[in-house]
Amino acid sequence: MSDFLFNHLLDDAHQCPIIVNGVACQVPEQLSVAAALLYLGHLANRQHPVSGELRGSYCHAGFCFECLVAIDGQANKRACLTQITPNMSINTALAGVN
Amino acid sequence: MAQIYDYLVIGAGPAGMAAAIETSNAGLSVLVLDQASSAGGQIYRNLGHADKQQTSVLGSNYGAGKPLLECFMAANCDYQSSVQVWHIETHTKGFLVAAIVAGETKSFLTSHLLLAHGAMERPMAITGWHKPGVLTAGAGQILLKSSALMPKEVVLVGSGPLLLLLAQQYRVAGVAIKAILDTTPKSNYWYAIPWLVAGLTNPMELFKGLWLTLVQRIKIPYISGVSHLEVMGDEQVSGVKYTVSDRVYNIDCKLVMLHQGIIAQTQMAQMLRCAMVWNERQQCWQIKADVMGYTSIPGVQVAGDGGSIGGALLAQIEGRVAGMGRVFNTPVVSPWHKKWVYSWLRFRVKQLRWARGLVDRLYRPAEWLSKPADQTIVCRCEQVNAKTIRSIVNSGCAGVNQLKRFTRAGMGACQGRQCGLNLSHLVAQTQQRPMAEVEPLSVRPPLSPINLGQLAKSLRL
Amino acid sequence: MKPVKPLSPAYDWIIVGGGLVGASIAYGLIQKQPQLRILVLDGSDTDYRASVGNFGLIWVQGKGHNFPAYANWSLQGADLWPQFAQQLSFQSQIDLGYQRQGGLEFALSQSHLDTLSEEMAAIADHTQGAFHYNVLNREATLALQPGLGEAVVGAIYSPQDGQVNPLYLLLALQKASQLCGVDYQSSCRVDTIEALGHGFKAAGFVGKKILLCAGLDNQRLGKQLAMHLPVRPVKGQILITERTDLGMLNYASPQLLQTAEGTIQVGGSSEHLGLDDRSSLDIMSSIAEEAVAVLPNLSNLKLVRSWGALRVMSPDGAPIYQQSKQYKGAFGVCCHSGVTLAAAHAGPLSNWLLNSLNEDPLNLIEAMSNERFSI
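Protein sequence lines correspond, in order, to chains A, B and C.
The working numbering numbers the first residue of the first sequence as 578 and each following residue consecutively.
The working numbering numbers the first residue of the second sequence as 436 and each following residue consecutively.
The working numbering numbers the first residue of the third sequence as 1427 and each following residue consecutively.
Derived from the structure by calculation, the hints contain no laboratory data.
Check the hints yourself; a few may be wrong.
[Claimed, not checked] Derived CB-CB ranges, DEER-like:
(1) Pro594/A <-> Ser1535/C: 50 to 56 Å
(2) Ala437/B <-> Gln651/A: 24 to 30 Å
(3) Lys822/B <-> Gly650/A: 47 to 53 Å
Yeah, the Cβ is synthetic: ideal placement off N, Cα and C, and Gly gets one too.
Start from the sequences and build out the full structure, keeping to the hints where you can.
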């Protein structure tokens, strides 16, 4: 999961502290939770309830419901429609992570 | 007693903003509800807060929304951002719109409703499209606009103006585009020639489009005539397999962005039981509406890409026309206004819709993309593949709604947004009926999730 | 889809309506007499279909407390279910999700519990004690279903209740019937039925006998065959939550039910609004309110789906089984409990349709004719 596949356009962006799966991280401000997860290299954010396959954010517009994660203790929130806030706690729903 | 608005607009994109400006200027009480955290819609997403560097990458069409956005922010209407509308129903006082705002349930009453909720990307059900690492081109643009995020390296797949625009923006931003795999059927170029006349009525856009198309072809590894796409990889994307002229190729990559045009969103209108029509030119269902945007349900209008796909400029004009339509029979609209301004706007709507025909024909999705391979997951939410769907349709089920009950396809959280169109295609193909005869998937609440606890506490009006 | 030629020789039976009632009977008839030529005419994709808006209970509690024949018929139907389910799932290779784990109806007030107990006593009386039930106080209810809210004062428990996935039941019936040779025609609207003397003609097809299982349309079609089939729509709204841990609910209940997939079904509304199956905020909200009152843990579960469906209701809520007096060979079946009675419809009712009176020793079916409305 340490594969960084995304860049931030602005070099001087302010950083915002968030906690992903219990690990404290710094990400640029003004990201959606789904964007923050991509930025940190998490392409997958949950397991499909039927098949157990990994799934990741897809449409980033609130249509597809693939980006569901637990945010500040609330399960199955759409990560793409939620903006990060300082010290927000995000948990992906992957086996072995929680 | 809750306030009953004269006009409730869903969506703060070009259409919604223009309609809200028009009606609030005429003195109506107007409420605009929008899903995003700031106004602008998909096209002008985050424009109010975008950095200069972002604006320059995103190009001139993005910045062009500034005057409208400023005018909207100054208008005398109520505007609520980050609103998730989950239910709409007809009510003795007009319409009731139920939504979640900041975790709380809220209900709004209005005598008239404008659906200006925009469009969504056409689902592109290719094998492996559900794997982590596959995003849509729209997602790519949203990441750029809202989060200033871009991939280091990506393969762009599909067809349509948005894909080319994203390629352009990524190129300017320095993203390594490994390839564009263009699925536009070569025959489309021939079929589109007669539409050039229509396109010429909007020469500026035609020129921009041509330039966009040519530049990408010169500057990026551009592979056209692509078919039989398959996203490879076990748990995550490892590459894309594709066919050109009967030869199979592989390209390694970890990120793929798919796109094959956009389609109208019809969920809210369907929930209200507005009549739908199949638009053969745009290959999607649309809300049946007249030029003023009035649907088959009195008091409900539609404007912008949520009605007929036509882009930001057309959406803005349609929004204005819809707003004018709302106040048309009141004294605020002068006879001069009625005669000249309204007629001119109506003419522009018709003309721009006609001009759009060129784009519609040129980027009409390839037929093979509506015929997913048996192993392709069509319904992502319930993990139902095309084989299961075909076998149930073959056993004699009447249509998509029966199909949904027997296979669970379309029952998931996305409410059939990602599979509905493809389910209908599969039914139409298997039963050998035209799409116009197949019913779309019916829509039931909730349009977005709500807890039972929140629902129990919903304010009843 | 099986190609069916409109001009093919007469069918033995034409069944108008491919919902649970029509499909159960088609399946029953072909099991009894495999040589029968049966045609099921099913409606369009967007028709009002009670069969697919169903809760999926196989429910004996509360059925027929004011109608002894219906009480006995429901119990008989529920008792036939285990064998029926086994045979049907074997033939169709579809898991129906059938369980007879027992059912609970929760009471949120003492007066509600008292009313329910009186009804249960009446059913037990009608069935000569064959219906088993217990009136549970709060503690006894909690022992069966932990996590109940403060508002629950007690419940009725019956070990004879159960559940099934109604959608898979319908699919299995259609599949098994077709495998046995039943012809099935979808998207087929029946406007008129013609009595020909030697049979009946519907939608261009000719059959010796005709059976109306068209739900709410039975009233209209029945008239054409001189049958009074008084049914009207009663709307029920249902909510479905996201999947959650299996075992959250131990028993079936008309208020709350956990499906094999893990989703929780919430229901229990009843409205008389004519042909309108739309969901409405006030009802959805009150259903949710009751569900959360029964089981507060549900409040954090997300609603993923909801729908309204129209029950096919006779004036007294019990089924109607009728043969036309004027046109022999024309029958009508109207009923709102197509799941509970599926086994009864595939079994004793199919026998009755084939052999008439001989197969109804207890006179249950005859007691449920429409004559009861003409007094």
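Verification of the supplied hints:
no.: 1; hint: Pro594/A <-> Ser1535/C: 50 to 56 Å; in the structure: holds, 51 Å
no.: 2; hint: Ala437/B <-> Gln651/A: 24 to 30 Å; in the structure: holds, 28 Å
no.: 3; hint: Lys822/B <-> Gly650/A: 47 to 53 Å; in the structure: violated, 40 Å
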